[in-house]
Amino acid sequence: MRKSVWVLFIIGLVVLLAACGGGQSDGPVKVEIISLDHAPIRPAVQEALAVTAEYGDKVTAQTYHFDTPEGTAFAEEHDLVEHTPMAIFVNGEMAFEVDGRTVNFYSFPQGAGTGMVAEGGWTMDDLRAVLDRETN
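Residue numbers 661 to 796, in this note's numbering, belong to the letters of the sequence shown in order.
Since the hints were derived computationally from the structure, they do not count as laboratory data. It cannot be assumed that every hint is accurate.
[Said to hold, decoys possible] Simulated restraints on C-beta separations:
(1) T728 / P700: 16 to 22 angstroms
(2) G752 / D697: 28 to 34 angstroms
(3) G687 / D727: 15 to 21 angstroms
(4) D739 / D686: 21 to 27 angstroms
(5) E736 / D759: 31 to 37 angstroms
All C-beta atoms in this analysis are idealised placements derived from N, C-alpha and C, irrespective of residue type, glycine included.
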């Protein structure tokens with residue numbers, strides 16, 4: 661009886677570690693950027709892509725435009741229903757703690773907003789901080 665309990669315990673532990681990844685990453689960090697394909701937004705998207713490229717094969721980046729079937733499906737999946745210049749998801753999440761504050765990678769980065777659309781509350785350095793954490 662005691663041996664079967666230990667066997668069940670070890671099997672359960674192996675299953676739990678496999679489900680949690682055992683503390684190991686199961687591939688590169690996935691960054692997904694969805695945006696409107698408008699001239700004022702393109703530089704911010706390109707800058708975000710340049711940040712992701714700094715991490716080499718530790719990060720993969722995918723872009724979507726709201727006005728494509730793939731972008732529409734992505735937006736619906738992530739409940740993006742408002743007029744959104746851009747949003748960045750890192751491993752499926754848009755909100756992160758950075759330096760004791762919550763950062764949402766939503767809208768323009770700070771300093772890149774337009775008169776018609778406000779900038780967001782994040783910077784490219786915030787994106788780097790999250791990617792540093794996620795890749796280590």
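Okay, the hints, checked on the actual structure:
1. At about 19 angstroms, the CB distance of T728 to P700 agrees with the hint of 16 to 22 angstroms.
2. The hinted window of 28 to 34 angstroms between G752 and D697 is violated, with their beta carbons roughly 23 angstroms apart.
3. Look at G687 against D727: about 29 angstroms separates their beta carbons, and that is not inside 15 to 21 angstroms.
4. D739 and D686 have their C-beta atoms about 25 angstroms apart, which keeps the hinted 21 to 27 angstroms range intact.
5. At roughly 32 angstroms, the beta-carbon separation of E736 and D759 lies within the given 31 to 37 angstroms, and the hint holds.
Going through the hint list in order, the structure does not satisfy hints 2 and 3.
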